[in-house]
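The hints should help you fit chain B onto chain A, whose structure is shown.
Protein chains: 2
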Amino acid sequence: MRQLTVDALNPTFQKVQYAVRGELAIKAELLRDKLKEPNNGLPFDKVISSNIGNPQQKGLDQPPITFTRQVAALMEWPDLANLAPNVFPKDVIQRAKELSAEIGSIGAYSHSQGVPFIRQSVAKFIAERDGYPSNPNHIFLTGGASAGVSLLINMLISSPKSGILIPIPQYPLYTASLAQHQGLPIPYYLDESKEWSTSVASIEEALEEAHKEGIIPKGLVIINPGNPTGALLDEATQEGLVQLCEKYSLVLLADEVYQANLHRAETHPFTSFKKVVAKLQSPVPLVSFHSISKGVSGECGRRGGYFECTNFSEEVIALLYKMVSVGLCPPLAGQIGVDSMVRPPKPGDESYELWKKETDTIHAALASRTQLMAKRLNALPGVSCVDSPGALYLYPQIKLSKKARDAAGAAGKEPDAFYSLALLDETGICVVPGSGFGQKEGEWHYRLTCLCPGVDEYVGKLEKFHRNWMEKYGEE
Amino acid sequence: MRQLTVDALNPTFQKVQYAVRGELAIKAELLRDKLKEPNNGLPFDKVISSNIGNPQQKGLDQPPITFTRQVAALMEWPDLANLAPNVFPKDVIQRAKELSAEIGSIGAYSHSQGVPFIRQSVAKFIAERDGYPSNPNHIFLTGGASAGVSLLINMLISSPKSGILIPIPQYPLYTASLAQHQGLPIPYYLDESKEWSTSVASIEEALEEAHKEGIIPKGLVIINPGNPTGALLDEATQEGLVQLCEKYSLVLLADEVYQANLHRAETHPFTSFKKVVAKLQSPVPLVSFHSISKGVSGECGRRGGYFECTNFSEEVIALLYKMVSVGLCPPLAGQIGVDSMVRPPKPGDESYELWKKETDTIHAALASRTQLMAKRLNALPGVSCVDSPGALYLYPQIKLSKKARDAAGAAGKEPDAFYSLALLDETGICVVPGSGFGQKEGEWHYRLTCLCPGVDEYVGKLEKFHRNWMEKYGEE
Numbered sequence: 001m002r003q004l005t006v007d008a009l010n011p012t013f014q015k016v017q018y019a020v021r022g023e024l025a026i027k028a029e030l031l032r033d034k035l036k037e038p039n040n041g042l043p044f045d046k047v048i049s050s051n052i053g054n055p056q057q058k059g060l061d062q063p064p065i066t067f068t069r070q071v072a073a074l075m076e077w078p079d080l081a082n083l084a085p086n087v088f089p090k091d092v093i094q095r096a097k098e099l100s101a102e103i104g105s106i107g108a109y110s111h112s113q114g115v116p117f118i119r120q121s122v123a124k125f126i127a128e129r130d131g132y133p134s135n136p137n138h139i140f141l142t143g144g145a146s147a148g149v150s151l152l153i154n155m156l157i158s159s160p161k162s163g164i165l166i167p168i169p170q171y172p173l174y175t176a177s178l179a180q181h182q183g184l185p186i187p188y189y190l191d192e193s194k195e196w197s198t199s200v201a202s203i204e205e206a207l208e209e210a211h212k213e214g215i216i217p218k219g220l221v222i223i224n225p226g227n228p229t230g231a232l233l234d235e236a237t238q239e240g241l242v243q244l245c246e247k248y249s250l251v252l253l254a255d256e257v258y259q260a261n262l263h264r265a266e267t268h269p270f271t272s273f274k275k276v277v278a279k280l281q282s283p284v285p286l287v288s289f290h291s292i293s294k295g296v297s298g299e300c301g302r303r304g305g306y307f308e309c310t311n312f313s314e315e316v317i318a319l320l321y322k323m324v325s326v327g328l329c330p331p332l333a334g335q336i337g338v339d340s341m342v343r344p345p346k347p348g349d350e351s352y353e354l355w356k357k358e359t360d361t362i363h364a365a366l367a368s369r370t371q372l373m374a375k376r377l378n379a380l381p382g383v384s385c386v387d388s389p390g391a392l393y394l395y396p397q398i399k400l401s402k403k404a405r406d407a408a409g410a411a412g413k414e415p416d417a418f419y420s421l422a423l424l425d426e427t428g429i430c431v432v433p434g435s436g437f438g439q440k441e442g443e444w445h446y447r448l449t450c451l452c453p454g455v456d457e458y459v460g461k462l463e464k465f466h467r468n469w470m471e472k473y474g475e476e
Numbered sequence: 001m002r003q004l005t006v007d008a009l010n011p012t013f014q015k016v017q018y019a020v021r022g023e024l025a026i027k028a029e030l031l032r033d034k035l036k037e038p039n040n041g042l043p044f045d046k047v048i049s050s051n052i053g054n055p056q057q058k059g060l061d062q063p064p065i066t067f068t069r070q071v072a073a074l075m076e077w078p079d080l081a082n083l084a085p086n087v088f089p090k091d092v093i094q095r096a097k098e099l100s101a102e103i104g105s106i107g108a109y110s111h112s113q114g115v116p117f118i119r120q121s122v123a124k125f126i127a128e129r130d131g132y133p134s135n136p137n138h139i140f141l142t143g144g145a146s147a148g149v150s151l152l153i154n155m156l157i158s159s160p161k162s163g164i165l166i167p168i169p170q171y172p173l174y175t176a177s178l179a180q181h182q183g184l185p186i187p188y189y190l191d192e193s194k195e196w197s198t199s200v201a202s203i204e205e206a207l208e209e210a211h212k213e214g215i216i217p218k219g220l221v222i223i224n225p226g227n228p229t230g231a232l233l234d235e236a237t238q239e240g241l242v243q244l245c246e247k248y249s250l251v252l253l254a255d256e257v258y259q260a261n262l263h264r265a266e267t268h269p270f271t272s273f274k275k276v277v278a279k280l281q282s283p284v285p286l287v288s289f290h291s292i293s294k295g296v297s298g299e300c301g302r303r304g305g306y307f308e309c310t311n312f313s314e315e316v317i318a319l320l321y322k323m324v325s326v327g328l329c330p331p332l333a334g335q336i337g338v339d340s341m342v343r344p345p346k347p348g349d350e351s352y353e354l355w356k357k358e359t360d361t362i363h364a365a366l367a368s369r370t371q372l373m374a375k376r377l378n379a380l381p382g383v384s385c386v387d388s389p390g391a392l393y394l395y396p397q398i399k400l401s402k403k404a405r406d407a408a409g410a411a412g413k414e415p416d417a418f419y420s421l422a423l424l425d426e427t428g429i430c431v432v433p434g435s436g437f438g439q440k441e442g443e444w445h446y447r448l449t450c451l452c453p454g455v456d457e458y459v460g461k462l463e464k465f466h467r468n469w470m471e472k473y474g475e476e
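Sequences listed follow chains A and B, in order. At position 288 of the first sequence the residue is numbered 288 (our numbering), and the sequence of numbers has no breaks. At position 341 of the second sequence the residue is numbered 341 (our numbering), and the sequence of numbers has no breaks.
Hints may be right or wrong, so weigh each one.
[Said to hold, decoys possible] Only pairs whose alpha carbons sit at most 25 Å apart, straight line, appear in this in silico DSS-like list of lysine-lysine:
{"no.": "1", "chain 1": "B", "residue 1": "K413", "chain 2": "A", "residue 2": "K322"}
{"no.": "2", "chain 1": "B", "residue 1": "K124", "chain 2": "B", "residue 2": "K356"}
{"no.": "3", "chain 1": "A", "residue 1": "K15", "chain 2": "B", "residue 2": "K161"}
{"no.": "4", "chain 1": "A", "residue 1": "K58", "chain 2": "B", "residue 2": "K322"}
{"no.": "5", "chain 1": "A", "residue 1": "K58", "chain 2": "A", "residue 2": "K27"}
{"no.": "6", "chain 1": "B", "residue 1": "K322", "chain 2": "A", "residue 2": "K27"}
Source of the hints: derived by calculation from the structure; they are not laboratory data. Bear in mind that the values here come from a model prediction, so they are computed numbers and not experimental data.
Okay, chain A solo, but in the shape it has when bound:
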């Protein structure tokens, strides 16, 4: 019997990289365990996981939306409506009854594309958002957006020369899925000097480069609002991108999971690609992804989301249905979470006032924290930071001196990973180095979430750490 070693396994697995839960996050968990020991000698009393957009995790503790959880509790144990009738608002009881009539037990497999009734709700939500119709039969409920992205990338990679255009910096799900499914990333660069904007020209350059290398481009990934950048696309750019997909026969993969996280909607509003494609009457095949993990919902643990296919033939829809049917169905807890997200309480409903207060509080806290963190990071020597108008993150650039880069090299680390590890060791704050998202040669960044309560104390730690660092390693 030979021992099972990594060499004997699928080589694509070794190529997969996912820094959001990589070295830094693993070390943070070890430190969290160590903190429980007496006399642990650590210079901090808590580990703060700023590496992942996980609003409800311990220590961040963003409260869930009460309406969502009340409906979910009734779906888990419908007898509660009789056993504790006065505990639930009337609209919650009504909603749970309506869902139960459609779904039956949430312990049963649903349709593999998701409960038809909930897909109809999603279609109405999209139609109201955009002013254009949406077909529930072309909507797939998923266990979070990631599952859908992985499936679509898997579908588009038809040969080892197939490539997908991805922004740099990007959310590493894209490169990880491409590595797993043996496709090639075609990187295009976002412009940090213009609030991380996307330009058609830079994508055309990337296409030309890919062409030279014999790579066949199959799709274009756009993350809007951006991750890790928080950037918002304007409609003119979106139109240009759709026309580009038309010109090069690309499938447009629009990651729109942060569409509800807008901090300055007056100047940086969100427009869906579905609306742009519909308005232009473009034939571009579009898949747009949404999720209950972000927004004000923050229900990461439910694993819920959807993708909508536009300009897909029935034949391709049937192929997707077959593939998702092998996995049986998305989690029902996630599906009813999607229903709550797309059908929140309306003015006049018993739950409305509380829902409004809860969601307003989350929006306001995120916007003010983001702004304050960006301002104070920008005031630090050697740091520049675009003040994100959307999503949950900041992606500051840090200048790292030769001395710092040499020290990193001696430790066998990328300079930004070396910086991030030091930050974790000294403050307990866990961020993700820019090398996990991609950046221009010779530039260094890190991504951190804007979810930590007690933001003043939190930024204070970042500042103190950075000033000590600059003292130790200098500016040049």
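The following block gives chain B in isolation, referenced to the frame of chain A:
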């Protein structure tokens, strides 16, 4: 712009077949819609989905375990413990408090391998079941067993010549995952004449055949209790299979999701492969899969399960962790469902009596339905059916006459699919043809679940249909 057609997509997607939710199931849904129309002209008043082991679905309505749902409701909305304190048994409140202290909000991502505390509970459950220790760090909680199976098959396929031994008949998840991940199935046949037994000799024959074709065997899939066969392996056979894996350096993939569905445990008990490997002190790498979708839990919609790795190096465990981290985490509703399954109420707990009554009822109903259905199917001309000692299914063999086969050919269908479609059209009962699971050349079967209440009426429909069929098509 070229239209997006199936030809331009990943060719592996076209090869994937999953009959459990295939042609028959899709037609059943259309008939269910048609039933709602007045004067629909259908010869039945309900569609019965016997194609899939989905106990809680509408029409079957196996009730969920109250304890599981009460804990889940409290996890959804923890305030309920204060707002309606008398509604919940004390052990339920205690359990929810314990889980909340460990997990925090179920709206947060957990550790990508699953909540550490729940993995500890699973390890205890395994250790108590087998009498051998289990390592929680080598357990991965999953969104149902399917997600884990797909991942492990993907991992083992290291080249286009990699193959995995799969039983015939098999649950089609295995061939579907192999098609998607570009591996080759190496079929070995179960012996219907000996209660669908598994023999080491038939696997060695299959290995020899594979060797001739240049296929490199990487793993052996065993489904115990069997799906679709319901067969139980005896320990001596299991020992022989482990030794075979040792001899040929195969990873053993043990699908044990039906381990709690035993109808004649005195003569057909379940022994886990973990226990056999531990007892033999074998170095064989083993992955065993379990799920909350089957057993008495029947919580398909929660999407919960786990796999335990035995004799895997830390390096391979780290590789698996990285891969699951890209998908973030399994659904929390599924994870707490796993906790309820592996830590049910104990004698003396307030919930125990009800839990005992509920689970006894489910076990007894399944056992008596299975036995009655097998007996009456066996009494039909041209039908023979192994009386399954486990799982949720029967897999009767049907003799189909030349006239029937010719009619099927004229309709462009496999003979067993032709039979199953006629059954659906005439009775509303949806089963899956044997061609979806695999069978010997010239033999025909179908799989049906033993979950339908009102079994007498149900079997009556099957009998009437079959007798009419025999009248129409004859025996030879």
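Against the structure, the hints come out as follows:
no. : hint               : verdict
1   : B/K413 with A/K322 : 19 Å, holds
2   : B/K124 with B/K356 : 21 Å, holds
3   : A/K15 with B/K161  : 20 Å, holds
4   : A/K58 with B/K322  : 22 Å, holds
5   : A/K58 with A/K27   : 17 Å, holds
6   : B/K322 with A/K27  : 14 Å, holds
The structure meets every hint from the earlier list without exception.
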